[in-house]
Each structure stands twice: as structure tokens, then as C-alpha cells.
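**Q** These protein sequences, in sequence, are chains X and D. The working numbering applies: residue 479 is where the first sequence begins, and numbers increase by one. The working numbering applies: residue 2 is where the second sequence begins, and numbers increase by one.
Wrong hints could be hidden among the right ones.
[Said to hold, decoys possible] Quick partial rundown of chain D residues pointing at chain X, CB under 8 angstroms, derived from the structure: (1) Ser17; (2) Leu22; (3) Asp24; (4) Glu28; (5) Glu41; (6) Ala44.
To be clear, the hints were calculated from the coordinates, so they are not data collected in a lab. Cβ coordinates follow ideal geometry from the N, Cα and C atoms, glycine included.
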Amino acid sequence: MNDLVSVLALPAVWGASEPNRILETFLDALVVMLELDFLYARVRINSQEAPTEALRIAPLLATRQSGEEIRQALNQWFEHDRQQPPEKTVSHLGGQEVSVFSIRMGIEGELGLIVAGSQRAGFPERTERLVLSVAANQTAVGLQQARLLGEQKQIANELDRRVAERARELAETNEELQLQLGQLRHIPVAAWTLKPDGTPDFVNQVWLEYSGQTHEFIRSHPEAWMTAVHPDDREVASMSFWDGVSSGQGFEMEARFRRVRDGVYRWHLNRAVALRDAEGRVLRFVGTSTDIDDRKLAEEALRASEAKLRRVIDTIPSLSWCNLPDGPNEFLSKGWHDYTGLSPEEAHGWGWAAAFHPDDLPPLMKRWQELLISGESGEIEARIRRRDGEYRWFLIRVAPFRDETGAIARWYGTSTDIHDRKLADEALRTSEAQLRQIVDSIPGLICTMNLAGEITTLNKQLLEYFGKTPEELKGWKMTDAVHPDDLPRVIAAFEHSIRTGTPYEVEHRCRRADGIYRWFQVRALLVQDKDGQNAGRYVLLTDIEDRKRAEDELKRSEARYRVVIETASDAVVSIDESGAIILANPATKRMFGYNPEQLIGKPIKMLMPGAVRKLHETGFKRYLETGARHLNWQGTEVTALRANGEEFPVEVSFGEMIADQRKVFTGLIRDISEKKRAEEALLASERSLSQIINTMPALAWSALPDGFVDFFNQRWLDYTGLSAEQAQGWGWVEAVHRDDLGRMTEYWQSMISTGGSGEIEGRLRRFDGNYRWFLFRADPMRDESGAIVKWYGTNTDIDGRKRAEEALRMRELNLLQITETIPEMLWSASTDGAIDYCNGRLLDYTGMSPEQVMREGWMSLLHPDDVGPTTEIWKSCVKNGASYRVEVRTFHAADRTYRWCMARALPLLDQEGCIIRWHGTVVDMHDWKQAQEELRNTQAELARMTRVMTIGQLTASIAHEVNQPLSGIVTNAGTCLRMLDSDPPNIDGARETARRTIRDGNRASEVMTRLRTLFSKKQIDVEPLDLNEAAREVITLLSGELERNNVILKHDFSDHLPAVQGDRVQLQQVILNFIHNGADAMDTVNDRPRQLLIRTETDGSQVTVSVRDSGIGFSPEISERLFEPFFTTKQKGMGIGLSVSRSIVEAHRGRLWAIRNDGPGSTFAFSIPRESSQLITNRQ
Amino acid sequence: MMNPRSVVAIVDDDESVRESLPDLLKEFGFASETFSSAEEFLASDGISRTQCLILDVAMPGMSGPELQKELNCRKINIPVIFITAHRDEAERSRLIEQGAAACLFKPFSDGALLDALNSAL
């Protein structure tokens, strides 16, 4: 029974042991307990593992049998049936008979098997059976427990492992986070992190420096940082901020932030992204604020520049467009749409083709395809339909624009209206063709010669006559085209004509293609170019061979009619071969002033002026010898000499007779003075015709000397649409623009009266009603006496030039007006720094002339003390291209003083960045500078005033403070006297009261000292200062007043406040101001305690004093203005307290701010640097 | 001394007053008790002994006139002599009008206090 109890106790022994250990204990216990010879157990602790075996052998059996043998025996034994071993059997082991008993473990035997063996015959007895089976059960239970424990342990291990892994992951994440935060701290953009609820928990130095906010301030409230946001952006910023935070998505927004350094708001791009842990929970928001102000400005500038370019494109007089690389259109300028009337939709792609003339479209498309393939620039002319249906000629130019790879990115093109030019060209061509036809069909030989006498053009007849090539004829002087006898004469006459500008008319012989010389009369007309210069000759050759023969014949017959000659009005003179006159008729008397008798026997030379005599002699002599005539015998014009020495033109015709074997020459001399005049008039008329022809492409006209216009060329009539009848005389004025008419007719009349050439510009109406600008030119043509024979005029279309000129002039005028009227003094300088322009204002201001100021003269404008430094700066700027900015005293002419001016200049750069010139301004800032000075003085005065004013407010406090100790003094003194007067005198009591009197007297004295310090006007007094102590003094001073106003004043002073360098009284004034404001703000508060909290704190580098009230607070709208002078929300206030406070704090290099509390009221605070030993001592 | 109301109570936050007045009152023959605030006085059992109250006008927390009002509400009728360091005639008239026996501006003479006490009692 003890055994059974022991067995039952086994599980307690096992506890949470290992299964193996349990098994061993079990075997050891039972072997001993039941005195077994062996005990074997095989258990399967867990279905996945191999069974565990254990064997115990009693020492007795062990001496004979090894464990291995027993095991073999058992195996054999179990072989029969592994699952169902016999419960009881007898086996032979080591020669002994052993009873073997087996028990299965577990309900179904699934746990294993126990086999016990004993040499005892009765084994197992009932008790042994029971013990074994109970033990087996206990073991089973123990094993089960062990297994369960094992599983739990495994689970626990697994958990531990996972926890460790998770912890490691978290640590990694955290490290990453720290790393990122570390980076945030140092990156050169403003960066920050937010807690998942949106509260900032880290802000880097960049942001702090930019915004001037402190860490504490930013962390104090999720929206604290928004005080730096521009008021206009705040609502939007707040909305996207909270959207991003509450959704966990982060945000991206643009907003303007105030830069504390200069108070300027700059655009920032604010981005926040959520940093999440492995489960996706937001750990932090990490954000940056990037200054994009410059980019934003640049963007705007770009947009403006684009708009400007667009305007430029839309306003240039050509139609411009842009096509895609493969041909279709992408863009057409507004001008194109306006002109064609096609909408952008209609014209898009290939729709523009509809605007082209059907005849021009195929060549245009063909050309365009060629260009698309070749990738070259090109041009073509084509007609484009105007919105009113009229087609006009355009010159279409296109050029490819290539990207960096050289591929065509776009085609850019312009279409320029060349309609009028084209029509003019065509008209010119037509007119030339017509002239050519005329010239070729005239039945005469015609050519033109240049000034060198070379033939430049010639007609068909001429070629046919000479049978030579144009090249041969060009140098006719070197060929036999002219009869060699005549050639010298011809050349001489030609050169004479060129030299004197007189017409040329010579008769000479020309060689026909068949070699026969025939007489020609050759006349040449001067050709003048537009400027009236000789340009060459028109030459007309008339065949006079037949006429010449007839004339000779006639002359012979004339000789027969001597009588007729005698009575003829022309002089007739005959000479013999010696040149002596042998006959003269009576007409010689009238013509030459000699009677025939006086002439007979005299040489013919006497009738000739000296210049002609020599010519005559040589010519005559040569003729007699060779038969060559030196002049035309028929109707030659020569100069003759009267008896009275007068020279006059005569036309001489000669005849030759043979009388008595001797030659007799008879000349018929006619005075042609009159005829000559008539001839010249004719010539002039011819010239007028040639001029008109020459000026065909222009509008041309001619007028009588009195201005009556008697001729208009066809172009003039075509242009104006007037008929010749309508325009004649003064009818043309109808086509002149009304506004130009008076001016033009007046000018024209003055030209007529003075007879000079002239030109004037005016608008002439086209047939379609449009006016175009023309240059009207007219020249008088005069006869030899200088009288005007005719006016010739042209009108030249200068509309395009005129408009361009007008636009240019307007722009120049505009610019000039701007530079001369803007209320600034402007100047510019060339790249070497020399002044080359000053506007009127600058000259007025300085009283100098432009010449005085130009070049180096500007230095004389400056105060002598400033010349040196200013020149140095200017030279350095000119050298480096840096912007020039200098304050300099400049001479002011009006009051002959030097005034402070700000001179500035910037270089104007070309596309390569080289300086083109400098543009500068000069701004008189004298008054401003003085005002600044005055303002500073006023500020100082204001500061004193506030102090004085606070005296008024403080009277009550002072009285209270002083009266308190005085009250004690008086009472004590009274008591003291009474004690001394009593009988017996109370000496001890009197001594005590007298002592108290002295103490209270000292207290009163201290109060007075404090007050004197506070109200005395003193210089800034810098000393090491404990702000706690300073604040305490102010509190003491104000406690009475605050009590009266039911204000509860609390303080929270930092224990480790470092001393600052500063002026005690001034800083106390600021604190006093804060407390006053706080108390005033709570004046109307009755529903909550009127509480003021003064706090001092430090972050090591700065010491901050803040006063927090629970008053009415201030609205965000006025937060900007709180510190402006004379801004107040109080009925009684003057609005100078805070502005003075600010000037005081800023003089301490500190900062002053106000924020609205989370709850009611506001907090005013200032902070000054711990080491602010250097005050800004700009006070007087 | 057996008079249940035989004590002059002094309520003032200024220590020098609390120090000096009891000696003077003792010279006058009055017993006195001092309190540094109105609240302290109300909380004490001295009210029942008090025959006259010398009361400072401006004190942190409950002011002098407020204490007077409170006593009126409790139907406790004690003559009050106000003392104040804030010299304001208008306020003195108002306080007299509202039932104060006297109002003395600090510093006051011992004679003025004795007159006020005599008129109050």
C-alpha cells in the first residue's frame, strides 16, 4: 500500500521535468519497489518523434545478461504482434526463467509500453499488477504534462523569438528615424517633424532662423507655427495641413512665410510625408519647407515674357505661324486669322490651305513637301485670300527649328504681304516689254550708249544693218563701222557732247553689212538718271544717203539760180580753192555787216570766230587734198562772226562746182538764232517725254509753270482711280488726305513762286479709299533763259517706311517722355564708366549742362569729401559688373547746397552676359535721412514721455507704497510718545516703537530710491542684470494698483536665469508696460479670475520674459500692427507703449512678440540674448 | 473685560500696521486682535468679541468694503473705521455713505484715530 502511495506521489516529484527524466525516475522507482529483475519502457512522447526507450536491469540479472541481450529477447518477443504484445508470458533469459508482464500506456496504448520481468514465479502478484498499472498511468499523466509543458515552452520560445525580432525591427526603425531626424537637423532647407496628431516635435535650425520662432513656441500649440504664415494664406494652409494630418496622407501646399530678418513674406513649398512603422501606423510626419519665392517670381516673369512674346508675334506686321515637324500647322498668329477670317479650328492641321489661291496651292504644296524632305529653309510666293475675298500676293518664308539632337522640332514661318510690290514689278516688266517692242519696231537704227561711248543696247535693225555682233559693235570706235574719214570727227563730236552735256548730231558714213558706206544722220539724246546726272545717250541713226544725194543735186541747180541767191534772205558766199571769197550776195550785209564788195577777195576766215578758223583751215585743206569733208555740207550748224564781233549760230550748207578746172565752193548761210531756240524747246520736250518714260514705275505728273497739272501717268490715274479729266489742273487735290491738303498746297504754291525743287510727304487716297503715304517730289525744268518751262513731279509710295518711322518715332518719343517725365533722376554710362546721358531732372537738380556732366564731369557734382570714395566704388563696379549703390552728397542747384542722395546703377547685359551699358538713378534722400534722424530723436523722446506718463498712472501706487511705511511711522511715533508720557513711563515699550519707527522710515526711503531710479531720464546704462530681480521690483511697485483692479499676479521665475547685459530701467519699463497692458485687457473681464502670470525662462542663449493675461486678447488681424506707433485698441491709450517697448528691446538685440493664448487672453513676451553686451547705441 | 464685545479688531495686510496699532490701542485702553486678511477674520471666532473694526480698504483677495458688505449680509453690526493708503476723497465719502464710522488716510495721527474710535463707540 505504501508502494501505491509512493507511486501516486510520483508526478509531484517529476514536476515539470523532461520526459526522459520522468521515465528514468519511474523505472528506478519500480525496479526497487517491486524487486524486479528488469523493467523496460518505450514511450512515444510526441507523435512526431521517435519512441524513447529505457531499460533497467537488476544487479543480479545484470551479471548474467547484458542489456542488449534482454533487448533482443524483448524484440523477438514483441515481433509476434507489436501492437498487441501478450500481457503475460514466461521467457528464458540467461538460463533463468523470467516471468514477463507488459502494460500498455495511454487509453489506447498510444503512449507506449512497459514490460516488467522477474524470476519470481508468481510475478506479478495482484498488488504488483495494480502498482504497475497505476505507475504506468501516472507516468502517462506525467508524460502528457511534460509534453504539454514542452509545447507551451515551445510556444513561449517562439513568442520570445518573435518579440525579439520585433524589438529589433523597431530598434532599426527607430534608428532610421533618428538618422532621418539627424539629417533633418542639418539639411539646408527648413525641415520639421510632426507627431501623428499634428503637433510639431522637431524643427530644424533653418526654420528657426528663418521664422524667428523658438522650439518651445512651435511646440506650444499645433498651429503656433502658423503665426509666420501670411494672413491671406493662413486659412488655406491650415486646411491642407489638417487634411493631411487627419488623413495620414501628408500634404503639399504653397504658402508665404514671414522672414523675421526683414519681415518679407516669401513663398514656400511645404511637403509632409508620413513615416510609418511596419503595421502602417503613422510614427511621424516628416516635412520640408522649401523657399520657392525666386522660382515663383521667375515663373511669373516667364509667364509675363511669354505673354509679351505672344503680343509681339500678334502685332508684327507679318503673319507668323508654326508647323509641326511632319507638316501640319500647330499655330497661326492672330494676324493670320484676322487677315484670312479663318478661325483657329478651321485653319488647324492642313485647314490653312483653304485660304490659298487654287492656282498657287499645288506649287506651294509641292515646294512644302520638298522642304519637309530636305529640311532646308525656303520661300515661295503665293496668293492668300483676304477675309473680303480679295487675293493678295504674299512672300512665304519658312525655316526649320532644330532641337539639340539636330532633329526638326518645328517649322517657323512668316507670310509677308508683297502684293503692291509684286504688282509694281509686273507693271514695270510690262512697261519694259512694251518699250522693247516699240524700240524694235521703229524703222530706224537705235542704240544706247554709256558715258564711255560704248553701245549698251541696240535694236534689231541696227544689228541687221551692220551685220556685226553686239560685242563688235560695242567697241565701234575700233572697227570699220564708221567710215575712217569720219571717225576722228565723230569721236571728237561725241566727246564734246559728253563733256559739255550738249546734244549730239553728226552726219557720217556707216558701213553696211555688204561693205558699202552710206551716210547717216546720227543724233543722240542725253539720258539722265533720277538725280539728273548724265547716264548715257540714246542714239538714233537715220539713213540720209538718198537725201544727201538729192541735196547735192539741188545745190547744183541752185547755183544756176544765182539771181535767186542774190535776192535770197540767206547769205550766199562762194570761195575758191584758196579760201578767198569770190562771190557774196547782198544778204551778207544784213547778216555779217559787210557789203559784198568788202568781202570779195577776202578769205572766208574773216566770217568765222577764231575757234572755227583753225578747224576750217585744216578741214578745207584736207578736203582739197583728199576729198574728205571735215563737216557736214548740208545744214551744218557753225558759229559765225559778224563785223561787229558778235558771234551767232548759222546753218551752213555747201555746194561744190568745177569751174575752169578749179573747184568753187558755195555756201548758203542762214542765221539760225531763232531756229536754234525753237530746236532747244523741242529738245526739252523730248527730254520731258524720256523723263516720264524713265519714271514710269512711279506715279508721275507734269505741270505748267503756273502749277496747272497737265499730265498724269497711267499709274497715277490707276492708283487714285481718277480720270485724267478729273485730276487735271487742281482736280488732283481731291485725292490728297484732308489733313495734309492745306500744308501740301501751300508748299506747292511756294515752290511755284520761288521756282525751287522740293519734296513733301502726304497721304494720297487709293482707288479703294485707303490712304497711303507718298513722297511728292517736283523739279522745275527751265529754258536757257532760266525761265521755268515745266514742272515734273513724282509721287513715291513710302507708306511702309512711313509707318515704321512713325512707330519708331512714337517709341522714341515715348521713351524720351518716360525718361524725361518720370520723377526720377536718371543717367546712363558706357561700359568704361563714362556718363553719356542724364535726363532733364538730373540736369535741373544739379544745374549743370549735359556737357558739364558727361564723361568725368559728374564728379564735380559731388561733395568734395565724397568724390574719392564714390569714384573708387564706381570704378570697382564698372570693373566687376557689380551693382552700384552709394549714398553721396550731391550738389543741389536750387539752394546751392549738397544734399544726401542715393545713387544706384545696374549693368545692362547682352545675351552673352557682357555689359552693354549702365543705367542709373539718383534719388534725393536728404529729407528722408533727416526724417530718419528726427524719427530716432522722436523715439527717444517718446520713450521718455511714456515714462512720464506712467508717473501719472503710478501716482496712486507710489502714494500707496509710501503711505504704508509712513502709516507705521506715525502710529509708532504716536504710541512712543504716549508710552513715555504715561506714569510710570513705559520705557521698553517706547524703545520698541521707536525702533519700529526707524525701520519703517528706512522702508519708505527704499521705496523712494526705487522710484527715483525709475523716473530719472538717463543715458542707457548697461550693466549685468538679473531679470528676475528687475521684474520683482516692478511687481512690488505695481502691486497696489493691481490689487485695486482685482488682478491676481502670479510669477514663475526660472531659478537658473543667467544675467543679461542691459539697461535695468528700460527693461523694467517694458515689463511695466506688459503688466499695464495685461491689466487693462482684463478690465472688462468679470466672469473669470483676472490673472496675470509673469514668467522668466531661458534656453541657454536667450532670456525670455513673458506676461500672460486672461483678458480680451487681440484679433489676428491686428497682430501685425500691435507694435506700430500710435496703434491702440484702448480708449485711453496713446498707442506708444508697445512701440517704445519694441525699440528698447531691439536696442538690446532682442525680439518682442505677442501671441494669442489657447484659452482667453494673450501673452506678450520679449527675449534678449544672454551676451548682449553690445547695445545698438544709436541714440543721441 | 466681561463685555462680550470688548475687542478692537484690526484687518490689514500691511505688517507694520498690524505691529504698531495694537500698541497704540493698548495705550488708549483697548484690547485688540490683528488679522492679515478679510478671509482670516471671517474664519476666526473673534467676530463675536469685536466691538469695532479697523479695516484696510485694499487687500489681496477680499477687500475691506467687501468684508463690510459680508458682515451686513450676516446681520453682524460692527462699526467700521476704514484706513487706506490711497488718498481718494470721493471714495471716503462713498464709504461713509455706506455706513462706515470713519475713514482715515494713512498715515493718520493717534489723535485722529482716538476721535474716530470715540465716535464709533
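**Q** Please verify that hint: Ser17 (chain D), Cβ, nearest Cβ of chain X, below 8 angstroms or not.
**A** 3 angstroms, holds
**Q** Hold the hint about Leu22 (chain D) up to the distance rule: shortest CB distance to chain X must be less than 8 angstroms.
**A** 6 angstroms, holds
**Q** For the hint on Glu41 (chain D), does the least C-beta distance to chain X fall short of 8 angstroms?
**A** This hint is violated: Glu41 (chain D) lies away from chain X, its Cβ roughly 16 angstroms from the closest one there, beyond 8 angstroms.
**Q** Go through the hint on Ala44 (chain D) and say holds or violated, using the shortest Cβ distance to chain X against 8 angstroms.
**A** Given a least distance of 20 angstroms, the restraint on Ala44 (chain D) is violated.
**Q** A closest beta-carbon separation below 8 angstroms is what the hint needs, so does Asp24 (chain D) meet it against chain X?
**A** At 5 angstroms from the nearest chain X Cβ, Asp24 (chain D) passes the 8 angstroms test, so the hint holds.
**Q** Against chain X, is Glu28 (chain D) within 8 angstroms by beta-carbon distance?
**A** 4 angstroms, holds
The structure does not agree with the numbered hints 5, 6 stated previously, though it agrees with the rest.
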